[in-house]
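Listed here are the chains, written in short residue letters.
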Amino acid sequence: MMKKILARGELIAVVLTAFLALILGGWQIMLIAALAGMLIGLSAEHKANYLPRAAGVAAFVGLILIAITHFHNTSLSTLPGMEHIPDQAKTVGTYLIALGVIIGLAVLTAWIHNLADERKRQVYFIGLMVALAVFFPFFEQCPGLSWTNFKFVDMAAGCSEQSNLLWIGPVIVMFIYALQAIGLNIVAGFAGLLDLGYVAFFAIGAYTMGLLRSQQLGSQMGDPDFFRWSFWIVIWIAAATAAFFGLVFGAPTLRLRGDYLAIVTLGFGEIVPIVVKNLYAVRIFEPISLFIGQLFGQKSSDLMQFCLLGCGAKPLDITAGTKGISPIYPPDFFGYTFTVGEYVPWYFLALTLLVVSAFFIYRLRASRIGRAWVSMREDELAANAMGVDLIRTKLTAFVLGAMFSGFAGAFYASYTTLITPDSFDFSISVIILAQVILGGSGNIAGVMLGSSIIMLIDRVLLDKLKMVINGVLQGLVFKGIDNQALAVFWTSLTDATAYKILLFGLILVVMMKVRPQGILPEQTAARRRAA
Amino acid sequence: MLELKNVHTYYGNIHALRGVNLVVNKGEIVTLIGSNGAGKTTTLRTIQGILRPREGEILLEGVALHKLPPHEIVRRGVSQSPEGRLIFPRMSVKENLEMGAYQRNDASGIAEDMERVFKLFPRLKERIGQRGGTLSGGEQQMLSMGRALMARPRVMLLDEPSMGLAPILVDQIFDIIRELHSQGVTILLVEQNARLALSVADRGYVLETGEMALTGPAKELLHNPQVKAAYLGENH
Ligand SMILES: Nc1ncnc2c1ncn2[C@@H]1O[C@H](COP(=O)(O)OP(=O)(O)OP(=O)(O)O)[C@@H](O)[C@H]1O
Ligand SMILES: [Mg+2]
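Chains as they are written, first to last, in our numbering: chain A, 358 to 888; chain B, -12 to 223.
For the record, the hints were derived by calculation from the structure and aren't laboratory data. Where hints are given, some of them may not hold.
[What the hints assert, rightly or not] Going by beta-carbon spacing under 7 Å, a handful of chain A positions derived as facing chain B: (1) V731; (2) A742; (3) D746.
C-beta: ideal position from N, C-alpha, C; glycine also.
Modelling step: build the complete structure from the supplied sequences, incorporating the hints.
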């Protein structure tokens, strides 16, 4: 019965809206409105009257959104530990803007979604996504103020006090992960090679940036500022270095099949951080004297050897071991220097990197080499019979995948200004692979969607959920009860962030069961054109 | 044009081809028949370089194919519609055909050949955007042959094109083989259905457990009592 009244996508929009509004509240009403509006638009398949219908459903969901957000703003947010909601976020004006956003986006998305021309549909949709992404930093922080206060750099400073939680930081990290995910998609999605050590190239990119844009090496050479090369050059060097290591790791191993390749790549992911951890006292001698001396039976301690590297009083400290490299200089851009905490420029840099990479990868997929990758995944024997050079084609996938991870790593190092071997844990490889599989292996848009879902759960939603549950427990359930131990027990038991890995595992298992091809499955290029 | 001289191929220790000699002349259809496990598929894979002969030579107009990797062999004009079709299931019909032309880079020639394939198999044109894996068995066979044609081959290897098809479809496929023959395409045809294969071929070879047992003009083989008994299911 319910299905008759609301389509499946609309139903999901209702549930999602209610849940998010309950735990988020405040300014986030705008983000939820945008998300729900697009979902409603995308589920508008009814041919007749689909526009008024989308508007109606959007208005209905919008009212739910406003009601629950208002409940959050006025009641939930008074519970202990909850985030302060700024007054501007509670006004009727803000609610009306949110209503406008949800209806407007629902109608717009529905219109695009029902365009007859497939090409147009795609271009408009991408345009809409890019427009939303460009708007996002102004919208998410303080939409009421931003109209008067539209100054680019002032945004973060002017608005951050309005809200404790800024989404923009997590979203920048999300972009970094999405960049890696679309890179891994080349390897795992297109070419079908299971790479469990993808984080190795992220680390290599990050450390290249760290070494070439910090005092780590320079201070040991007497000129601390020696390595302060331009960010815009170093990011290419970082990508090239990662690609080079992709070649070095890939060339001997890509002959292996399936499980064996997975195990070897797993090893790479482990080895790189360990090597980095241990490169803090390096002194290298030329080996020839030792070799010749030993031929003549001399003891190595008696030999005169020429020192090549780390010849000072102290050996060379390349990576600073577990301490990590810091601070890494932020980029400059025509006289403007990026700064920590001023998110908007970082946001646009990351967004540009992601969009350009996505476009490039899209073109790659449509090209001859892209077809070769997919054919190899589909049937290696047949691909070979068509004249695909298997080893070389696998290697190009591996190297290009590594390159994008290198880009991501280089950006990450600049953005966080501190990198340690622990930032490149095995779990990153797994999380990125999960994003690829969840979103739809082989589909670039799907992979980016998978990335957003997992990263937002990881970086935002679980924290907020924990906060809300905590507030309810402390403010309502245990209010009159004077049993600290019990309260602490329940607080830690309901800590949503502790269930993160369990949740991701569950998501993957459920996906494998109900939709193994991912949320947005891969489509064939020609089918999209012909449909 | 294509010549195999004393070719020996192994799977590990299994001696699958034990000195195969075979010649295909330009413009000919040559058929290779034999019972299950005789080594027909192995012969085609060896020609394409997917398997390496341990001994012997494979020459295409004097060029030693057995020293080249598969992609070089394809570039020199040997294409195959493999046993079981092996189309790419999640690629569109169009992309499957484009994969056939993988070793070519003459865009106009490829477009021309695409039209030619669509003329031979109008069904494929109707399904151009459909995923290969969702085609029917007969359509998949057409796609597999079309894909092999996209290489503009000098020699086309066909491995059991009639496998698993209804009689009407088998007739259609063999009509197309005849059509290709009249267009001058050189074909090495492997078949279980010996009668049909010998009826379209110029010459035939009979392979028995990795060795050539018989060879001759197709008409003669059709009437050879040994062939009749073993492969045509006739008692004489
Ligand atoms: N991958 C393999 N590993 C080991 N032995 C194999 C392999 N492929 C084929 N063989 C063996 O090689 C021999 C020849 O096989 P082949 O596939 O060439 O036969 P065929 O003539 O094509 O048979 P069919 O008509 O059934 O297709 C058989 O004995 C088979 O068992
Ligand atoms: Mg066979």
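So, going through the hints one by one against the coordinates:
With a cut of 7 Å, the hint placing V731(A) at the interface with chain B holds, because the nearest CB-to-CB distance is about 6 Å. With a cut of 7 Å, the hint placing A742(A) at the interface with chain B holds, because the nearest CB-to-CB distance is about 5 Å. For D746(A), the interface hint holds, the least distance from its beta-carbon to any beta-carbon of chain B being 5 Å, beneath 7 Å.
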